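Here's the letter readout for the chains.
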Amino acid sequence: MTAEKANEAPKDQRSFMETLQRSGDLAVVDREVHWDMELGAISRRMTEMDGPAIWFRKITDYPGQSLFVNPISTWRRAAVTLGLPAHARIPEIYEEYIRRESHLIPPVEVKDSACREVVIRGKDVDVCNLATPMIHDGDGGRYIGTWCIVVCKDPDTGWVNWGTYRFMIHNTQYLAGWPFPPSHAGKILQEKYVPRNKPMPIAIVMGADPSSHLAATSSTRIGRDEASLAGGLAGRPIEIIRCLDSDLTFPANAECVLEGEILPDRIAHEGPYAEYPGYRSGEMGAGILMKVNTITHRKNPVLSMDCTGFKDCSSIVTALGGGVAVRRTLERAGVPVTGVYIPSEGAVHLCIVGVSRGGREVTEQVLNALTGRRTYFTKILVVDDDVDIFNLGEVIHAWATRCHSERGTIIKHVEGSAQALTPCYDMEERSRRAGAAAAFDVTWPPSWDRTEIPVKARFDATFPAEVKKKVLDNWKSYGF
Amino acid sequence: MEYESHVKHFKDLQENMLVVLTIRDLTPGKHKYNARVARVQLSRSPEALANWDKLWVLSVVGIQDPQPWGMKIVEELGITIPGKPYSDIYETLAKM
Numbered sequence: 005m006t007a008e009k010a011n012e013a014p015k016d017q018r019s020f021m022e023t024l025q026r027s028g029d030l031a032v033v034d035r036e037v038h039w040d041m042e043l044g045a046i047s048r049r050m051t052e053m054d055g056p057a058i059w060f061r062k063i064t065d066y067p068g069q070s071l072f073v074n075p076i077s078t079w080r081r082a083a084v085t086l087g088l089p090a091h092a093r094i095p096e097i098y099e100e101y102i103r104r105e106s107h108l109i110p111p112v113e114v115k116d117s118a119c120r121e122v123v124i125r126g127k128d129v130d131v132c133n134l135a136t137p138m139i140h141d142g143d144g145g146r147y148i149g150t151w152c153i154v155v156c157k158d159p160d161t162g163w164v165n166w167g168t169y170r171f172m173i174h175n176t177q178y179l180a181g182w183p184f185p186p187s188h189a190g191k192i193l194q195e196k197y198v199p200r201n202k203p204m205p206i207a208i209v210m211g212a213d214p215s216s217h218l219a220a221t222s223s224t225r226i227g228r229d230e231a232s233l234a235g236g237l238a239g240r241p242i243e244i245i246r247c248l249d250s251d252l253t254f255p256a257n258a259e260c261v262l263e264g265e266i267l268p269d270r271i272a273h274e275g276p277y278a279e280y281p282g283y284r285s286g287e288m289g290a291g292i293l294m295k296v297n298t299i300t301h302r303k304n305p306v307l308s309m310d311c312t313g314f315k316d317c318s319s320i321v322t323a324l325g326g327g328v329a330v331r332r333t334l335e336r337a338g339v340p341v342t343g344v345y346i347p348s349e350g351a352v353h354l355c356i357v358g359v360s361r362g363g364r365e366v367t368e369q370v371l372n373a374l375t376g377r378r379t380y381f382t383k384i385l386v387v388d389d390d391v392d393i394f395n396l397g398e399v400i401h402a403w404a405t406r407c408h409s410e411r412g413t414i415i416k417h418v419e420g421s422a423q424a425l426t427p428c429y430d431m432e433e434r435s436r437r438a439g440a441a442a443a444f445d446v447t448w449p450p451s452w453d454r455t456e457i458p459v460k461a462r463f464d465a466t467f468p469a470e471v472k473k474k475v476l477d478n479w480k481s482y483g484f
Numbered sequence: 703m704e705y706e707s708h709v710k711h712f713k714d715l716q717e718n719m720l721v722v723l724t725i726r727d728l729t730p731g732k733h734k735y736n737a738r739v740a741r742v743q744l745s746r747s748p749e750a751l752a753n754w755d756k757l758w759v760l761s762v763v764g765i766q767d768p769q770p771w772g773m774k775i776v777e778e779l780g781i782t783i784p785g786k787p788y789s790d791i792y793e794t795l796a797k798m
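Residue numbers (my numbering), protein chains in the order written: chain B, 5 to 484; chain F, 703 to 798.
Simulated from the structure, these hints should not be mistaken for laboratory data.
Which bits of chain B does chain F cover? Going by a derived footprint, with three or more residues having C-beta under 8 Å, they are:
1) 127–138
2) 263–271
3) 289–295
Given the structure is predicted, the values throughout are model-derived calculations rather than measurements.
Cβ atoms here follow ideal geometry from the backbone N, Cα and C, with glycine treated the same way.
With the rest of the complex left out, here is chain B (with noise of 0.2 Å):
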């Protein structure tokens, strides 16, 4: 439990707008504000500003629908989805997650919920009547999955899987997306609906609670149940409802969601996108694309999204679910791992771990286990326990200093499973997806002679501790 004690996560969107609203983390914008480029203008700029989530009353063309708008791009705003005051600090942030996740609560099926109190079907279905920025200059579309809670569900095991992926506009009943292929939805797609021509059920949940959508980008196993999931992280069982056209279940809290199927057969131009990386990369426009059949909304919805790009939410919430669940694969494969963190500036690309003992061969053990099925870190950096992995000003310093050039890195090529949307990868990489990760070993040899290991020369590290009491004691007298 961290030092102050956390509060009751928020049972809905709504209710985690009021939070933020009261933290001085969410901005109000009543302005008639145009759903072509200027919204992703004002959130973009605002993200990048470190700055508050925005909720957008007035959105040209859409009157009664509005929009919220990066819900969880700062350490402040996960802290209060996990029900922490905004100020809490990033291990604390971690420990509370762990402390939640740890404790599945299965969700309560429900039979009846606002996100029905409007429903559009077959030749009504309008993807166009619901308020969907164009983003960014340049995009592909208008994209409407951004901050969403993908469904899909294992036509073998019966799993139900919760995913944040994107889907864009391509025409009133047509969304194109692009799952990542090695994706658990891009894997069910290709492995249990392609090869027996059947078209896969699939709902768009957006607005839904932050633990849901906080359990849908999190970084777990085949098989886990997210919806138990985002219980534990909610304290609290999640009501659940079943789709209108299949047996898919989400949040019933939802405000919008769209249910359909993704074809086996059909295509259409998808992407590109500027995501995550914080770059627009061109990753060959090979997606995938959804039949929309029914669309659930309650009255005057408020929809969300993630103005994507550098330090966007899937920045925070990887760094989040993404850093324990890495945690959790270096500890089973053996690795002495003192603690994770995936820095938001380093855009899900770098990795730093914290290892009670280094040396080449445990670098090495953490580059083989980060590099698996989906290699999304291109830089790791492994780093004694006594670097504050949280703090970059010492880990860049540890870097510099302690890593040595040539037999401090080590180079590992990775071909299936590379991230496409990496900015370094050419475009015939990206359809590869072939890549590469670097891991840098930032500790000190375990063969050196402990008397002989440089010794840090900061305040903390090279004065005896009377002096250093003493400077502390009298650091006002001193005129500072």
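Model the placement of chain F on the given structure of chain B, informed by the hints.
Relative to chain B, chain F alone:
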């Protein structure tokens, strides 16, 4: 009317060629950017630019060619096209 399309290489488009593209309608309003597939004729002749629809072309990373094309829709090919999920849309369009 004005449209836009992302293409793999600007140099693949040539004067008077017929090509299959995903075209997005730029008419202002709620249906702006809706896409469909069409076989089109492209030209940068003064007549085409003055009298045909206008097509703005963007690269695979969304950089716009500052010089538009005149575009004539020769054949509407529908909203979606045949293909397996995750197959390369550019290769599929080129075969149509």
